[in-house]
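Line by line, the protein sequences give chains H and V. Per the working numbering, the first sequence runs over residues 294 to 779. Per the working numbering, the second sequence runs over residues 294 to 779.
Honestly, the hints are just simulated from the structure, not real lab data. Every clue listed holds true.
Residues of chain V placed beyond 12 Å of chain H at every Cβ, according to the derived structure:
| # | residue |
| --- | --- |
| 1 | Ala-370 |
| 2 | Val-420 |
| 3 | His-421 |
| 4 | Asp-627 |
Derived CB-CB ranges, DEER-like:
| # | chain 1 | residue 1 | chain 2 | residue 2 | range |
| --- | --- | --- | --- | --- | --- |
| 5 | H | Gly-384 | V | Leu-562 | 35 to 43 Å |
| 6 | V | Ala-617 | H | Thr-578 | 29 to 37 Å |
| 7 | V | Asp-564 | H | Pro-450 | 23 to 31 Å |
| 8 | H | Asp-637 | V | Gly-575 | 35 to 43 Å |
| 9 | V | Ala-753 | H | Asp-627 | 53 to 61 Å |
| 10 | H | Glu-560 | V | Asp-571 | 46 to 54 Å |
| 11 | V | Pro-746 | H | Asp-637 | 35 to 43 Å |
| 12 | V | Asp-571 | H | Ala-572 | 41 to 49 Å |
| 13 | H | Pro-450 | V | Pro-328 | 51 to 59 Å |
| 14 | H | Ala-763 | V | Ser-741 | 36 to 44 Å |
In silico negatives: residues of chain H with every beta carbon more than 10 Å from chain V:
| # | residue |
| --- | --- |
| 15 | Ala-454 |
| 16 | Arg-697 |
| 17 | Pro-749 |
| 18 | Ala-764 |
Small disclaimer: the values here were computed from a predicted structure and weren't measured. Even glycine gets a Cβ: it sits at the ideal position worked out from N, Cα and C.
Below, each chain spelled out in residue letters.
Number of protein chains: 2
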Amino acid sequence: MIERAALLGGGVIGGGWAARLLLAGVDVALYDPSPDAGRVVEQMLGNARRALRRLTLAPLPAEGTLTLAGDPEAAVAAVQFVQESAPEREGLKRELLARASRAAPPEAIFASSTSGLLPSRLAADMVHPERFTVGHPFNPVYLLPLVEVCGGERTTPETVARAAEIYASLGMRPLVLRREVDAFIADRLMEALWREALWLVADDIATVEEIDDAIRFGAGLRWSFMGTFLTYRIAGGEKGMRHFIAQFGPALQLPWTKLTDVPELTEELLDKLVAQSDAQAGGATTRSLERLRDDCLIAVMQGLRANDYAAGASVATWERLLHARAVAPAARDDEAPLRLHRVDVPPEWIDYNGHVHESRYLQAFGDTTDALLRHLGFALDGGDVYMTVETHLGHLGQARAGERLHVTTQVLGHDEKRVHVFHSLYRTDDDALLATAEQMLLHVAAGSGRAAPAAPAVLARVARIAAAHAALPRPERAGRSVALRH
Amino acid sequence: MIERAALLGGGVIGGGWAARLLLAGVDVALYDPSPDAGRVVEQMLGNARRALRRLTLAPLPAEGTLTLAGDPEAAVAAVQFVQESAPEREGLKRELLARASRAAPPEAIFASSTSGLLPSRLAADMVHPERFTVGHPFNPVYLLPLVEVCGGERTTPETVARAAEIYASLGMRPLVLRREVDAFIADRLMEALWREALWLVADDIATVEEIDDAIRFGAGLRWSFMGTFLTYRIAGGEKGMRHFIAQFGPALQLPWTKLTDVPELTEELLDKLVAQSDAQAGGATTRSLERLRDDCLIAVMQGLRANDYAAGASVATWERLLHARAVAPAARDDEAPLRLHRVDVPPEWIDYNGHVHESRYLQAFGDTTDALLRHLGFALDGGDVYMTVETHLGHLGQARAGERLHVTTQVLGHDEKRVHVFHSLYRTDDDALLATAEQMLLHVAAGSGRAAPAAPAVLARVARIAAAHAALPRPERAGRSVALRH
Chain H
294 MIERAALLGG GVIGGGWAAR LLLAGVDVAL YDPSPDAGRV VEQMLGNARR ALRRLTLAPL
354 PAEGTLTLAG DPEAAVAAVQ FVQESAPERE GLKRELLARA SRAAPPEAIF ASSTSGLLPS
414 RLAADMVHPE RFTVGHPFNP VYLLPLVEVC GGERTTPETV ARAAEIYASL GMRPLVLRRE
474 VDAFIADRLM EALWREALWL VADDIATVEE IDDAIRFGAG LRWSFMGTFL TYRIAGGEKG
534 MRHFIAQFGP ALQLPWTKLT DVPELTEELL DKLVAQSDAQ AGGATTRSLE RLRDDCLIAV
594 MQGLRANDYA AGASVATWER LLHARAVAPA ARDDEAPLRL HRVDVPPEWI DYNGHVHESR
654 YLQAFGDTTD ALLRHLGFAL DGGDVYMTVE THLGHLGQAR AGERLHVTTQ VLGHDEKRVH
714 VFHSLYRTDD DALLATAEQM LLHVAAGSGR AAPAAPAVLA RVARIAAAHA ALPRPERAGR
774 SVALRH
Chain V
294 MIERAALLGG GVIGGGWAAR LLLAGVDVAL YDPSPDAGRV VEQMLGNARR ALRRLTLAPL
354 PAEGTLTLAG DPEAAVAAVQ FVQESAPERE GLKRELLARA SRAAPPEAIF ASSTSGLLPS
414 RLAADMVHPE RFTVGHPFNP VYLLPLVEVC GGERTTPETV ARAAEIYASL GMRPLVLRRE
474 VDAFIADRLM EALWREALWL VADDIATVEE IDDAIRFGAG LRWSFMGTFL TYRIAGGEKG
534 MRHFIAQFGP ALQLPWTKLT DVPELTEELL DKLVAQSDAQ AGGATTRSLE RLRDDCLIAV
594 MQGLRANDYA AGASVATWER LLHARAVAPA ARDDEAPLRL HRVDVPPEWI DYNGHVHESR
654 YLQAFGDTTD ALLRHLGFAL DGGDVYMTVE THLGHLGQAR AGERLHVTTQ VLGHDEKRVH
714 VFHSLYRTDD DALLATAEQM LLHVAAGSGR AAPAAPAVLA RVARIAAAHA ALPRPERAGR
774 SVALRH
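Given these sequences and hints, build the entire structure.
See below:
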């Protein structure tokens, strides 16, 4: 994990890096000659905060600090890592990297966000070019895991390994290239598709919207988690890739594509692209499209996380990192009541009639009980545990999407096998009590699955908490049963 | 909606069509010369049943009946729709379609699953070629929504419209092509990517796994819901597509790709592809990869459904169709107790310690309450409704992933604003009682959000149900409060 990074360039990509780094707790010094840079980064950061809060409930670290630097030299002083995201012009990047390399600590790792320029050429004028590599990210940088790492002729293997390690610590998925090559891997693939798509529009075979539909309702869904080769292997059946190529290889020779040429970007083609793209957007602003994109990315990544596969596995790995790095909960045994859990209402919690589904309140209470168990020292890894045997829920108000909620916990009683707790869920902004849950937790031994006394250390901890809570007034709604009262 | 369809060809694509049609309640007659065809379709159907049960909780219709036909003529007799999915050889398809067209009812719609052959040529020898169109699906056909509809020279607009309508009734997303063109839209895009990917392997720049990673951790995630043009529009910022092209158009002229040629599929390249693909699969069988693929597709589509966007909107539309078509619930007011809800435990319900998360039991009970409200005549569209104000949950056993559960409901009491219900959740296989929920429902007026008496028709219905339930024994756990009992 790094503590301080410099960013050279703060546009869509540089701003995305700023957001990813700051939200990972890294302090960032940004150099960008545009007077607008600070505003752009702030806006990106707003998007990123919203996105990460929705992507995960794992504890995010305290945000790093953003400083705007007046020149590249000021930005890179005393940092461990420099990421350059200047416009895609070789000369410009080369000079910027050379200047910065003279001012940075000699051990600072340098990376460029270039989509396709060769690292050996970019590093040509640097001091210590051996610590330079390409680190090519994808938009939005604060959400997409991929970063292509490609060293040049003089890059040391240690530099590549260190850059990959830094990116992984930010929750990314580094893909280290075997060879230095123009456009690396991803952009060659993306450009092949893009070139063909432009021909389809140029030849009036399809509009931009129809082309997008042809992707997103079909192959694009598969590409999101398996790519192309594994998908085709499956299509080959048990005989795998050899069978697939035998079946579909010949079609490659059919004159289906127009890949032999690039469509000329005439004014006419450009007008057509623009008009069709405007029609497709239907008046939506870029900002609303960005949110839609982020929401869909989050949904796809969360879906894949449930399968612990592809980008979902990246999210899961990153969450484990976050949990491992999280500072111990501030709650102490004498805090009365305990305050162990908070959550921002995700839009997925809202049901068909615009309300938070009743089961989501119990999800928040269940997560609070989990936090209590972690607080009591349980690893929640399949060993002994307390299980809920009974819950009484009261609904007093309604939470809305995006609202910040927190839960307090009062221990009402305990014996060697049981803990009797009362959770209260509040809207944090106005401290309105929205729901309560009274629960009986039963200690269950691993393996047998039978009720059994908890370990002495756990019981001592429970007793300390209960003693601290004994002075609290008994919650008004404790001990209720469901009944028609008149 | 159609009732009877014929399939000509039962491989990966034909079998996928069989599964989609049968699970939509359509009877299918299948002709395939392979003696293996029945087995292949049964296996595909097994995958599809599992996948659709996980994709949606909406009520699926009773499955259609599969018949194996000895020849094409027998298959197409008395059907409304014929889908041909024979191997990709023009002569073979042309002859098969001609034969079948002579035996089928003249008004039956014909479609071909071809990935790229021209409909005018395929229909050349047909009787009534005007009712023929291409309907090009994507694997797995029972899950992916896209189907490209492309008529030939003689196809009538009515045929294209009718085919699109049939596909939509099966939950698919028809994309009607403007012009007859080789390879349509999707395969031209897929092949451009595939061709470039083969070059990357041939030139030893990357392995098949690295190429898949370059897609699935980056652009593939975006392609799954926005395709390429809308994504790039966003990258262009507020100035949209024109700005994007100005920025990135020039890169199209860089010598980044090798699209001018097709790599020769030498034995050497083939061996390399096969070896890398085997390494990537790491010994996983095609069957397990198919399940992984389906699970990820389901997760991605469910995630997008929460945003009602792209393939998620297709799922939502299809679910509305299913709900609209579902037969009225069998439950009658004198059924005691009512049996209104069943659910198969989806894997998403399982938490870190292998148990169903406690909140999921309440989700099942909440869904049961929704079913009760629909039974009482509520549209659940934002008008008056009963809301849960209090719930008492008891946990008596554990459900596991994939188990079939059902819930019974007993009305314990009511007044003009309230209904007091007791739900019991059982594992259907052995009728084990796993959980109970006692709930107080309060009638709330639309708009004001205040408690108010329910409409007389609703109250009469509630009273009839309560009268039928009065003779039932009171559930043992009714009226409980949470307490340490010794």
